[in-house]
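2 protein chains.
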Amino acid sequence: MSMIAYLGPKKTNTHEAAIARFGRRAKYIHAPTIDDVFYLVERRVADYGVVPVENSLQGAVTHTLDRFIDFIDTPVYIHGEIQRPIRHYLIMKRRWRLQDVKIVFSHPQALAQCRRWISQRLPHAIRREVDSTARAVWIALHGSRVPAAAIGRRELASGHNVKVRARSISLELENRTRFLILGLGEQSIPGRRKNKTSILFSLKDKPGALHDALVPFRRHQLNLTKIESRPSKRKAWEYYFFIDVEGHVSSLRMTRALRTLKARTTHFRILGSYPIGR
Amino acid sequence: MSMIAYLGPKKTNTHEAAIARFGRRAKYIHAPTIDDVFYLVERRVADYGVVPVENSLQGAVTHTLDRFIDFIDTPVYIHGEIQRPIRHYLIMKRRWRLQDVKIVFSHPQALAQCRRWISQRLPHAIRREVDSTARAVWIALHGSRVPAAAIGRRELASGHNVKVRARSISLELENRTRFLILGLGEQSIPGRRKNKTSILFSLKDKPGALHDALVPFRRHQLNLTKIESRPSKRKAWEYYFFIDVEGHVSSLRMTRALRTLKARTTHFRILGSYPIGR
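Those protein sequences? They're chains A and B, same order as listed.
Quick note on our numbering: the first sequence kicks off at 3 and runs consecutively.
Quick note on our numbering: the second sequence kicks off at 3 and runs consecutively.
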């Protein structure tokens, strides 16, 4: 039976994403940080790890990307991705009315995703960032002396004296999060579904360097679906690039494109080739 | 006399950056959020605004970039940039020793920048994120019942019973932050110093679109110093791109390159052309 490490605590979106992929019968272990999930996979405590990598409203989860830069030789590869819709609920004690709420607690990402709703419906409430939605709910229900609410998944609310606003409070149309499945070693057999390949590289600082790095994909008609830049941390304003390209690493076109790209980089690593999540 | 709005509270890095550029004799107003700084400039309450846009270790300040996407027609342009070295200090009550510290409070960026130092020197301390370094210092000195410390600028510590660790605790070599100077209308006269131009655009979803967007800069030998992608918030996995290019918008080469780029975009806006900060 597989052991799955995920970014905890329990009942958060990452936990739900992991269950959606690996089922209720797998064994799960929750880790307090993204770094710990990588570590549990590296030490073979877990067979797979699940971490968030991108939200359709808030962008990249930089901790996940930076872990690949900080440990560029990690034996961890991306084995797959999971996409999940995110729905936020306002959770508070039953005895408070909406207009009583003085403080709204949540994870910074959730607060940002519900910023418009809070501005309109709770214009006088203070927003307080805490490190997980689970903790926010605990504080709002048990830890706050003034009327408070929390933003989080519906499943975090339990008990008779708890009120949950029935509708999702994220006003944006498409709130989705993409999670990565981490595993040891590279998966080299293409799946039946459409695949993509994730690559990490850095470039020499010269005019046109980024353009030149993208030329091979253009030439081989490979579609770049994503580019993300992150600081190198060694020199100010020097970057690493993460790109996602449609296609499997074992295809002839990809092999040729990557060979040309590699020759133009100072660092180069294939992070994984895996089926595109739905 | 100019009125300068900056991301507050007082004595934080943004305040210091604003003073470094506009001097002690200008009038200052501190705003609680990045959005408020834009708003004060838009409403002509302030002549200029100062907000952080990028840190050399942690990357983009996404709130600043996203404000340009959310209000793409804002009359606010970038009029300049300021680069400042960031030094973090550990601030605590004089009566505690380092090994007493149970909680370290700070802004998430500062905690991230000192992550390595905290892991090594305060391995058992809990890290707690709060919304400013100024608030972190207040909590550590006055609001915490257990031995606590805060990470922040030296200037935040005052009083006789306060201890400041003498050396900067960010272990990384180059910790610098880049701030933008915001103003109304486009500055169209090139400065004597080397200039750069910031552009915001989105592309049709077709293979090679990003490569094709960069071709005009390559052709006109204009150096791209930065690319950042941010979610469009209208459709999942659709992006806006922020790029910085060396050169002034009024130069012939830039005019030509931008004309070609514009024809390939779905949204296009010049954010400003201004001297490169030192």
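You may find that some hints are simply not true.
The list makes no distinction among identical chains, and a pair is therefore deemed to hold if it is satisfied within one copy or across any two copies.
[As the list claims (entries may be wrong)] The calculated SDA-like cross-link candidates involving lysine to any residue, where the alpha carbons are at most 20 Å apart (straight line), are:
hint, residue 1, residue 2
1, Lys237, Leu226
2, Lys165, Val217
3, Lys12, Ser121
4, Lys228, Thr267
Treat the hints as calculated values from the structure; they're not laboratory data.
Comparing the hints with the structure gives:
With identical chains, the CA atoms of Lys237 and Leu226 are at most 20 Å apart between copies only, with a shortest distance of 17 Å across copies and 27 Å within one. Proximity of Lys165 to Val217 under the C-alpha cut-off of 20 Å is found in neither arrangement, the shortest distances being 55 Å within a copy and 55 Å between copies. When the C-alpha separation of Lys12 and Ser121 is checked against a cutoff of 20 Å, the pair qualifies neither within a copy, at 29 Å, nor between copies, at 25 Å. Taking CA atoms no more than 20 Å apart as the test, Lys228 paired with Thr267 passes in both settings, with 18 Å inside one copy and 16 Å between copies.
The structure fails hints 2, 3 (numbered hints given earlier, in ascending order).
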